[in-house]
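Engineer: Each chain, letter by letter, is given below.
Number of protein chains: 2
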Amino acid sequence: MNKGKLFVFTGPSGTGKGTILKEVLASDDRLRLSVSATTRGPREGEVNGVHYWFLKKEDFEAKIAQDAFLEHACYVGNYYGTPEQPVNDQLAAGYDVVLEIEVQGAMQIHEKRPDAVMVFVAPPSLEELSDRLHGRGTESEKKIAARLATAEQELKYADRFDYVIVNDDLQEAIGDLRAILRAERCRVAHELG
Amino acid sequence: MNKGKLFVFTGPSGTGKGTILKEVLASDDRLRLSVSATTRGPREGEVNGVHYWFLKKEDFEAKIAQDAFLEHACYVGNYYGTPEQPVNDQLAAGYDVVLEIEVQGAMQIHEKRPDAVMVFVAPPSLEELSDRLHGRGTESEKKIAARLATAEQELKYADRFDYVIVNDDLQEAIGDLRAILRAERCRVAHELG
Chain A
1 MNKGKLFVFT GPSGTGKGTI LKEVLASDDR LRLSVSATTR GPREGEVNGV HYWFLKKEDF
61 EAKIAQDAFL EHACYVGNYY GTPEQPVNDQ LAAGYDVVLE IEVQGAMQIH EKRPDAVMVF
121 VAPPSLEELS DRLHGRGTES EKKIAARLAT AEQELKYADR FDYVIVNDDL QEAIGDLRAI
181 LRAERCRVAH ELG
Chain B
1001 MNKGKLFVFT GPSGTGKGTI LKEVLASDDR LRLSVSATTR GPREGEVNGV HYWFLKKEDF
1061 EAKIAQDAFL EHACYVGNYY GTPEQPVNDQ LAAGYDVVLE IEVQGAMQIH EKRPDAVMVF
1121 VAPPSLEELS DRLHGRGTES EKKIAARLAT AEQELKYADR FDYVIVNDDL QEAIGDLRAI
1181 LRAERCRVAH ELG
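In order, the protein sequence lines correspond to chains A and B. The first sequence maps to residues 1 to 193 in the working numbering. The second sequence maps to residues 1001 to 1193 in the working numbering.
Treat the hints as calculated values from the structure; they're not laboratory data. Since the structure is predicted, the reported quantities are computational estimates derived from the model, not experimental observations. In this text, a Cβ means the ideal position worked out from N, Cα and C, and glycines have one as well. Don't take every hint at face value.
[Said to hold, decoys possible] The following label-pair restraints were derived from C-beta to C-beta distances:
#1 Q1171(B) / A62(A): 47 to 53 Å
#2 V76(A) / A1068(B): 55 to 61 Å
#3 L170(A) / A1092(B): 28 to 34 Å
[Unchecked claim] Negatives, chain B to chain A, calculated, CB over 12 Å:
#4 L1021
#5 D1059
#6 D1067
#7 A1068
#8 E1084
#9 N1088
#10 S1130
#11 G1135
#12 A1158
#13 H1190
Construct the complete structure from the given sequences, taking the supplied hints into account.
Structural biologist: Printed below as a string of structure tokens:
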């Protein structure tokens, strides 16, 4: 029996979910971040085992074959996945665990772990998201267009989640996520129907 | 279609639910308190229409016959009830409405309004509750014994609620209720079923 609670935190790329989660993790000692594995190359400043486990494509596929992932997805040409064992270990130790994953992977978790609390971060609008992605200045127009097309599809899944945080004010969004964690710790576990 | 959300806030007598709710109401301008009706006499400082609508027994029973209550209950020899129309009016106006009611009445709401968010305040223990009731110094031993016996029965309902707040620290309990309200405002409405 798990003592901790599993949270899935997702949303389209560029909605600020990483920033929100970083702030909340820094002030919540019951919450642990699950480190995902990926085959994409590290961005500047990203450390193996901290931000991601950076794997070669063949290693990732071997782990898929071993059923070692809680979820995995292919996104913009790269694999992303959540190694299952570390998550279960943290939950058993009494920590809440949060997965910051892509929407495609989140829906897999929803099937596999119906007890997971599903949180979706949405941009105020697609126009606002476009502005933010351009503002980053790290990607080509072509990549941004692909991200926006993906975001439009992903937003259709929002109403399947337990909670939606609309990030139009970063501090408010951080407060919303903190409130969700705190409220869920008061929540009574009922039999899933 | 209601725009606001209905919250039911209950727990055994002496658990501090009134104190918690008063603090939260003072700092939340989207939340309105439903004023209950009762046939019990006003305590010192209680104002008709603010703390309760103080009704005569025959008037209360006439309103029961008119089906004008969202819930009503008889508790320690007095009627308590929630007039339905004012609640619906506030919800339609976009306010969240909280009912502070007895456990017996809360279970009626749960049946009648399955969309209501059910919050239960529990004492850390029955021993602690006994200490608090004695500490109040406002009631006879006999009344306190009756309240404790009722509390023991009421605690059995806690796991039918959506949230349980254990009030062992008042400020923490206030923070929990604020978090529950905030989280529920991010919550996605799913079909009940």
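Engineer: Confirm or reject each hint.
Structural biologist: Now the hints, each set against the structure:
1. Take Q1171(B) and A62(A): their Cβ atoms lie about 51 Å apart, and the range 47 to 53 Å holds.
2. Against the hinted window of 55 to 61 Å, the Cβ-Cβ separation of V76(A) and A1068(B) comes to about 59 Å, which satisfies the hint.
3. For the pair L170(A) and A1092(B), the supplied restraint of 28 to 34 Å holds, since their beta-carbon distance comes to about 33 Å.
4. Separation of L1021(B) from chain A is adequate, the least Cβ-Cβ distance of about 15 Å exceeding the 12 Å criterion.
5. Every CB of chain A is more than 12 Å from the CB of D1059(B) (nearest about 37 Å), matching its label as outside the interface.
6. Non-interface status of D1067(B) relative to chain A is upheld: no Cβ of that chain comes within 12 Å, the nearest being about 30 Å off.
7. With 12 Å as the threshold on Cβ separation, the claim that A1068(B) sits away from chain A holds: the shortest Cβ distance comes to roughly 31 Å.
8. With a closest Cβ-Cβ approach of about 26 Å to chain A, E1084(B) is found to remain outside the 12 Å limit, as its non-interface label requires.
9. No Cβ of chain A approaches the Cβ of N1088(B) within 12 Å, the least distance being about 25 Å, so the stated non-interface status holds.
10. Taking the minimum C-beta to C-beta distance to chain A, about 24 Å, the non-interface status of S1130(B) holds against the 12 Å cut.
11. In this structure G1135(B) is separated from chain A by more than 12 Å, as the shortest Cβ-Cβ distance comes to about 25 Å.
12. Here A1158(B) does not stay apart from chain A, with its beta-carbon only about 7 Å from theirs, under the 12 Å limit.
13. At the 12 Å boundary, the C-beta of H1190(B) falls inside the reach of chain A, the nearest C-beta of that chain being 8 Å off.
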